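The primary structure of each chain is shown beneath.
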Amino acid sequence: GNSVTQMEGPVTLSEEAFLTINCTYTATGYPSLFWYVQYPGEGLQLLLKATKADDKGSNKGFEATYRKETTSFHLEKGSVQVSDSAVYFCALSVYSGNTPLVFGKGTRLSVIA
Amino acid sequence: EAQVTQNPRYLITVTGKKLTVTCSQNMNHEYMSWYRQDPGLGLRQIYYSMNVEVTDKGDVPEGYKVSRKEKRNFPLILESPSPNQTSLYFCASSKRGVGGTEAFFGQGTRLTVV
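From first to last, the protein sequence lines stand for chains B and X.
The first sequence lines up with residues 2 to 114 when you count with the working numbering.
The second sequence lines up with residues 160 to 273 when you count with the working numbering.
Where hints are given, some of them may not hold.
On the chain X side, residues computed to face chain B include the following (Cβ under 7 Å) [unchecked claim]:
(1) PRO167
(2) TYR169
(3) PRO198
(4) PHE249
(5) GLN266
Okay, the calculated beta carbon distance ranges per label pair [unchecked claim]:
(6) X:MET209 x B:THR13: 21 to 31 Å
(7) X:MET209 x B:ILE113: 36 to 46 Å
(8) X:MET209 x B:ASP55: 27 to 37 Å
(9) B:PHE19 x X:GLU238: 42 to 52 Å
(10) B:THR27 x X:ALA161: 27 to 37 Å
(11) B:GLN82 x X:LYS176: 43 to 53 Å
(12) X:ALA161 x B:LEU14: 45 to 55 Å
(13) X:THR174 x B:SER80: 45 to 55 Å
(14) B:PRO41 x X:ASN243: 21 to 31 Å
(15) B:THR13 x X:GLN266: 23 to 33 Å
(16) X:ASN166 x B:PRO41: 18 to 28 Å
None of these hints come from the bench; they were simulated from the model.
Since we're looking at a predicted model, the values are computed, not measured.
The C-beta atom is built at its ideal place from N, Cα and C for all residues, glycine as well.
Isolated chain X, as found in the complex (with noise of 0.2 Å):
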């Protein structure tokens, strides 16, 4: 079954102690991104990868960081999460193609930074 997995659905951390949010697809698709949905905000683009070693930030980078060394995985690491980053968040992956090619979206991690 096509599918992008996330771990973890729900995550309570304290302020400064690191975390990584993983995301992998089976679907071999090139892209691959990352956001946050927030109320009254709608979904923001963290950073998103085309390809392997290949990221680039998107439009709320600060705080974050990720990797992209192999194809199917594309973590989210947040070396010192603040409350500010309490959040829910979704990866995608999609295919990079001509006419626009659909997104496929994990089930979300609810981060709590308390």
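For reference, chain B alone in the conformation it holds in the complex (with noise of 0.2 Å):
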């Protein structure tokens, strides 16, 4: 079946500091990639994605990179700010699966000043 695997949390880091969160994945099929982020009280919003091998997405200074090899997708931020604090969800789709999207357990980041 398709699951994926995240880093447990809470990760707590000072403002500026470097952020790598782990992913990893295991799917039928060619899965497209996703990591989405929940600020506090609200709903999950897109963070970026990749739809194949060695692609990579980014948006709002975050980065993952598809690695087929090592079946991977780990997001990371050269340098955080508080106002990236939030919890991060790593997702696989497959298009030709049954289900949407199947989610890791979420890492909760907090940045601190």
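With the hints as a guide, bring both chains together as one complex.
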């Protein structure tokens, strides 16, 4: 079946620190990969995506590269801000599959000034 | 504005009293889903729908019902709520397409069953 595993949180960083949140996946077929972000009190919103191997998704200073050989899609940001404090979800979808999205459990990030 | 609208945002109810959480999308999306979010368990899919009159169970369907009579609406029904259904619920919609398409989420419904 399809599944996503992401690193357990919470993660606490100082402002301007480097961020990595690990995400690996198992999928039948050829998945598209996503990172969603959930700010406090809000629903999830798409942060970035990649649809094929070696694609790099990027948005708001965050990046993630689709690595088929390691089945990974790690999220990185070079310099985090307090406003990046949120819960981050890695997810996949398989067009040939019958379910829309499969999510990881989420990683809570807290950035302190 | 493209959006998914859930109602209500907050609900406190008593055990056994039937309730419905509504979800509506204005993007003509084929897929709609319901998730519950619980601390330490992440997002778990309750039910999903591929199109009108097509629904299927997700990972945690027990105690829930859904219907998809119109493309835009996907209500979640709790016939006899119990305290273990206290949770934060999200509705999402997406367009079926090659290459993976973005899912749009509602703002969430925080349900407390006492």
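Results for each hint:
Using the Cβ-Cβ criterion of 7 Å, the hint placing X:PRO167 at the interface with chain B is not satisfied: the shortest such distance is roughly 15 Å. Using the Cβ-Cβ criterion of 7 Å, the hint placing X:TYR169 at the interface with chain B is not satisfied: the shortest such distance is roughly 11 Å. Using the Cβ-Cβ criterion of 7 Å, the hint placing X:PRO198 at the interface with chain B is not satisfied: the shortest such distance is roughly 10 Å. A cut of 7 Å between beta carbons decides the hint on X:PHE249: the least distance to chain B is about 6 Å, and the hint holds.
A least Cβ separation of about 5 Å between X:GLN266 and chain B falls short of the 7 Å threshold, and the interface hint therefore holds. In this structure the supplied range 21 to 31 Å is violated for X:MET209 paired with B:THR13, their Cβ-Cβ distance being about 40 Å. For X:MET209 and B:ILE113, the hinted distance range of 36 to 46 Å is satisfied, since their beta carbons lie about 44 Å from each other. Between X:MET209 and B:ASP55, the C-beta spacing of about 30 Å keeps the proposed range 27 to 37 Å intact.
For the pair B:PHE19 and X:GLU238, the supplied restraint of 42 to 52 Å holds, since their beta-carbon distance comes to about 49 Å. In this structure the supplied range 27 to 37 Å holds for B:THR27 paired with X:ALA161, their Cβ-Cβ distance being about 31 Å. Between B:GLN82 and X:LYS176 the Cβ separation comes to about 44 Å, which falls inside the hinted range of 43 to 53 Å. For X:ALA161 paired with B:LEU14, a C-beta distance near 33 Å fails the hint of 45 to 55 Å.
The hinted window of 45 to 55 Å between X:THR174 and B:SER80 holds, with their beta carbons roughly 49 Å apart. Between B:PRO41 and X:ASN243 the Cβ separation comes to about 25 Å, which falls inside the hinted range of 21 to 31 Å. A beta carbon spacing of about 27 Å between B:THR13 and X:GLN266 agrees with the range 23 to 33 Å that was offered as a hint. Taking the beta carbon of each, X:ASN166 and B:PRO41 are about 21 Å apart, inside 18 to 28 Å as hinted.
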